[in-house]
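Visitor: Read off the chains here:
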Amino acid sequence: MSFSPNGRWSGPADSMRPKRAGGGPSAAIIPALACLFAFLAGTTPWVNATEEAVTISGRLQLSADYALDRASVQGDPELNARLILDDRRTAWDLHAWIEGYWTWTDDDQQALAVKYFDRVYGNESRPLDLKELYGERRLAAIDWRLGLQRIAWGRLDEFPINDLFNPWDYDRFIVKPMEERKLGVPAVSATLGREEWSTQLVWAPWLVPYRLPDAGSRWAVTATELEPDLPARTLANGALGARVQRLGEIEGALTLFHGFDPRPVFGVRAGDNGLEPVPAFHRITSVGLDASAVVGPVSLRAEAAWTGNRTFNTRRELWPAPLPAAGNTDLTDGIEVRRDTLDYGIAADYRPFEDGLLTLQAQQTAICSRPDTLYEHARETLLWANLKVDWLNQKIETNLNLALNPEHAAGMLRAGIAYVFSDSWKTSLTALFFHGPPPSLFGRYAMNDQITWAVVYRW
Amino acid sequence: MNNFRRKTKKQAVAALGLLTALCLVATQALAMTGREIYEQVHALRIRALDRQTTFTMTLFDKGGTTRSRTATEYSKKAGEAGYKVLVVFQTPPDLSDVGFLIHARTFADRDLWAYFPEFKRIRRIPTTSQDDSFFGSDFSYDDFGGPPNLDDYAFTLLREEVQEGRACYLVEVVPKIQRKWSRYQAWVDKELFVHRKIIYYREQEPYRIGTFTAIRLVDTLPTAFRMEMHNLKTTHRTEVTLEDIRYHTQHPDELFTQRALERAGR
Numbered sequence: 167m168s169f170s171p172n173g174r175w176s177g178p179a180d181s182m183r184p185k186r187a188g189g190g191p192s193a194a195i196i197p198a199l200a201c202l203f204a205f206l207a208g209t210t211p212w213v214n215a216t217e218e219a220v221t222i223s224g225r226l227q228l229s230a231d232y233a234l235d236r237a238s239v240q241g242d243p244e245l246n247a248r249l250i251l252d253d254r255r256t257a258w259d260l261h262a263w264i265e266g267y268w269t270w271t272d273d274d275q276q277a278l279a280v281k282y283f284d285r286v287y288g289n290e291s292r293p294l295d296l297k298e299l300y301g302e303r304r305l306a307a308i309d310w311r312l313g314l315q316r317i318a319w320g321r322l323d324e325f326p327i328n329d330l331f332n333p334w335d336y337d338r339f340i341v342k343p344m345e346e347r348k349l350g351v352p353a354v355s356a357t358l359g360r361e362e363w364s365t366q367l368v369w370a371p372w373l374v375p376y377r378l379p380d381a382g383s384r385w386a387v388t389a390t391e392l393e394p395d396l397p398a399r400t401l402a403n404g405a406l407g408a409r410v411q412r413l414g415e416i417e418g419a420l421t422l423f424h425g426f427d428p429r430p431v432f433g434v435r436a437g438d439n440g441l442e443p444v445p446a447f448h449r450i451t452s453v454g455l456d457a458s459a460v461v462g463p464v465s466l467r468a469e470a471a472w473t474g475n476r477t478f479n480t481r482r483e484l485w486p487a488p489l490p491a492a493g494n495t496d497l498t499d500g501i502e503v504r505r506d507t508l509d510y511g512i513a514a515d516y517r518p519f520e521d522g523l524l525t526l527q528a529q530q531t532a533i534c535s536r537p538d539t540l541y542e543h544a545r546e547t548l549l550w551a552n553l554k555v556d557w558l559n560q561k562i563e564t565n566l567n568l569a570l571n572p573e574h575a576a577g578m579l580r581a582g583i584a585y586v587f588s589d590s591w592k593t594s595l596t597a598l599f600f601h602g603p604p605p606s607l608f609g610r611y612a613m614n615d616q617i618t619w620a621v622v623y624r625w
Numbered sequence: 005m006n007n008f009r010r011k012t013k014k015q016a017v018a019a020l021g022l023l024t025a026l027c028l029v030a031t032q033a034l035a036m037t038g039r040e041i042y043e044q045v046h047a048l049r050i051r052a053l054d055r056q057t058t059f060t061m062t063l064f065d066k067g068g069t070t071r072s073r074t075a076t077e078y079s080k081k082a083g084e085a086g087y088k089v090l091v092v093f094q095t096p097p098d099l100s101d102v103g104f105l106i107h108a109r110t111f112a113d114r115d116l117w118a119y120f121p122e123f124k125r126i127r128r129i130p131t132t133s134q135d136d137s138f139f140g141s142d143f144s145y146d147d148f149g150g151p152p153n154l155d156d157y158a159f160t161l162l163r164e165e166v167q168e169g170r171a172c173y174l175v176e177v178v179p180k181i182q183r184k185w186s187r188y189q190a191w192v193d194k195e196l197f198v199h200r201k202i203i204y205y206r207e208q209e210p211y212r213i214g215t216f217t218a219i220r221l222v223d224t225l226p227t228a229f230r231m232e233m234h235n236l237k238t239t240h241r242t243e244v245t246l247e248d249i250r251y252h253t254q255h256p257d258e259l260f261t262q263r264a265l266e267r268a269g270r
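Order-wise, the sequence lines are chains A and B.
For this note's numbering, count along the first sequence from 1 and bump the result up by 166.
For this note's numbering, count along the second sequence from 1 and bump the result up by 4.
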């Protein structure tokens with residue numbers, strides 16, 4: 167075992183990764199959804215059976231990262247393929263969204279293996295990611311959706327406060343658009359609309375855990391890969407949520423969520439090297455509000471949520487800094503504390519000129535009765551500024567993004583330019599810089615400054 | 005001498021009569037004020053509000069390359085002075101299912117939303133963005149909205165002109181509200197009361213020219229099947245061709261909700 171010069175784990179991670187025999191509960195989800203699909207397709211009456219009722223769209227993206235810090239773990243050139251299928255020939259609309267990520271040099275990749283829905287680690291060798299797979303029935307007053315789906319609640323960018331149903335894939339999460347980070351969860355959702363009111367009810371019977379990058383990879387946040395024992399897949403461990411929205415001059419919504427916190431937190435468990443941090447899952451209850459309004463030339467968005475019983479780590483250095491090589495005798499079971507939190511934030515979209523969009527966002531997390539042992543301050547602030555400008559009738563797209571976490575003097579700067587060759591072809595160049603102390607949100611990637619080139623084909 | 009005087013007098017009376025007749029004709033021709041002409045245009049646009057349109061928008065840049073977008077617009081009159089519009093793109097791939105919704109409570113008071121499937125979120129758009137480029141084209145969001153509030157503009161009939169072989173009123177329109185253009189001059193067909201040509205000005209400089217051709221009657225409503233907007237500053241131009249249009253549609257209110265916007269009008 168050894169550590170790379172940047173302080174990241176560079177040992178044979180596989181030796182620590184629990185090998186998996188058979189499919190387990192994860193493997194059961196996909197066949198179950200496929201059966202649901204087949205059932206819905208086979209038993210519902212055919213309506214509007216036109217050729218356009220089946221659409222297949224997709225995207226191919228070839229990208230390569232150039233690590234500015236040559237001592238950091240290098241990334242591999244990658245091919246990302248996206249396939250989206252919509253079949254609207256039956257009373258149930260069927261929708262599937264699958265993505266594949268193939269790297270040049272990863273010999274461990276199993277070409278057609280689907281990423282786990284019941285494991286935190288070990289997903290990098292499984293290139294296929296089933297983002298969505300659901301059937302939808304649209305009736306006059308209610309829409310039903312059954313299957314693997316992503317729920318989009320809240321109004322803020324990047325870290326929406328009330329968007330709690332879908333855990334994230336933390337592999338390169340910070341360089342991906344928010345919706346692409348989210349993992350689909352098996353759920354039943356119903357949306358009811360009546361005049362200016364709209365209500366969405368969601369029940370997700372199974373927990374899908376967040377995914378963390380494998381130890382030793384470029385975006386790793388932990389030095390070990392101790393797989394947690396997930397909560398039992400019982401109905402009692404499902405998640406429930408409701409969102410009631412009203413349109414008007416000020417558009418507002420009330421959100422309720424009860425389920426497992428999708429944000430990563432660690433407990434400790436005995437591993438090969440003594441006590442090691444292991445991903446943990448805890449239930450939370452959250453009550454939130456969000457609203458949007460237009461004030462003159464500015465479009466305002468705001469969110470707030472009170473969350474009961476959120477878990478924090480007192481030993482924040484466990485994530486991401488590597489642990490001592492062996493015998494973590496200083497770890498105790500007491501690295502988790504539970505506190506109520508109040509999150510709130512506001513964002514403003516403004517067009518300073520035609521084809522330019524400036525977004526400013528500020529959000530804070532206030533931790534009630536914060537113990538001194540927490541790395542997080544009593545108020546943690548996140549400031550975002552984003553300027554997107556299109557040139558020559560959207561032939562050239564530029565984007566400048568600045569993020570700051572002032573309590574820890576941490577930040578991120580992202581600058582990108584894209585050239586649109588045609589309706590299908592586009593190429594882009596993005597530079598990314600991080601700064602801050604290692605345990606901070608951005609500082610943990612301080613060695614990961616990079617320039618990314620990508621070429622995209624869409625159809 | 006007397007004969008000469010009588011003859012001259014007769015000629016003078018005839019000339020006066022002719023002049024009077026000419027003045028009467030001219031007065032009749034200019035009998036409509038700019039505002040009245042636009043009331044006719046407005047009435048026609050209101051009659052055309054209940055409709056469904058499928059169109060192709062082609063963008064030409066100065067290098068000669070083209071990009072195209074196809075979209076469907078659903079529109080409905082709502083109340084005395086209100087309307088609702090939903091525009092949903094089918095192509096290109098990165099705009100597929102992107103939508104744009106307008107709820108106009110009155111012609112002067114409207115809410116705008118846009119939906120981007122990539123973000124799965126609906127965003128409100130300030131009405132001050134109504135003059136911004138509509139998805140990279142040379143048309144603006146406002147060009148895809150309903151009729152304007154006439155009281156927000158001053159109309160002046162400049163003269164009559166023949167435009168593309170058709171007799172037109174040339175009307176100057178100056179906004180009383182904040183717009184990103186200072187005025188426009190419009191050639192309004194004298195018979196059909198539709199635009200044939202528009203030149204938009206910023207300060208004194210013309211910057212955008214719109215032409216409206218292939219005008220045909222559909223359900224008694226004159227409809228331009230081809231519209232072109234040319235940006236003089238960028239030399240970029242956009243052509244919109246109507247593929248299909250149906251009037252007197254009776255779309256349900258459910259088609260103009262945020263739910264419908266999220267599901268691309270399906």
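Accuracy of the hints is not assured; some may be wrong.
[What the hints assert, rightly or not] With a cut-off of at most 25 Å between alpha-carbon atoms, the simulated SDA-like pairs for lysine to any residue come out as follows:
#	chain 1	residue 1	chain 2	residue 2
1	B	Lys237	A	Asn565
2	B	Lys124	A	Leu524
3	A	Lys554	B	Lys180
4	B	Lys180	A	Val464
[Claimed, not checked] Rough simulated footprint, nothing fancy, chain B against chain A, three-plus residues with beta-carbon under 8 Å:
#	region
5	300-309
6	343-354
7	514-521
8	558-564
9	609-616
Keep in mind that the hints were calculated from the coordinates and are not lab data.
A virtual CB, placed ideally from N, CA and C, is assigned to each residue, including glycine.
Visitor: Taking the hints in turn, state whether each one holds.
Guide: Hint by hint, here is what the structure shows:
1. This hinted pair checks out: Lys237(B) and Asn565(A) have alpha carbons roughly 24 Å apart, not beyond 25 Å.
2. About 20 Å separates the Cα atoms of Lys124(B) and Leu524(A), which keeps this hinted pair within 25 Å; it holds.
3. Only pairs whose Cα atoms come within 25 Å are accepted, and Lys554(A) paired with Lys180(B) is rejected, the gap being roughly 31 Å.
4. Only pairs whose Cα atoms come within 25 Å are accepted, and Lys180(B) paired with Val464(A) is accepted, the gap being roughly 21 Å.
5. Counting residues of the region 300-309 of chain A whose CB lies closer than 8 Å to any CB of chain B gives 3, so the stated coverage by that chain holds, three being the minimum.
6. Evaluation of the coverage hint for the region 343-354 of chain A: fulfilled, as 3 residues show C-beta separations to chain B shorter than 8 Å, against a requirement of three.
7. Under the rule that three or more residues need a Cβ within less than 8 Å of chain B, the assignment of the region 514-521 of chain A holds, with 4 such residues.
8. Counting residues of the region 558-564 of chain A whose C-beta lies closer than 8 Å to any C-beta of chain B gives 4; at least three are required, and the coverage claim holds.
9. With 0 residues bearing a CB less than 8 Å from a CB of chain B, the region 609-616 of chain A misses the requirement of three and the coverage assertion fails.
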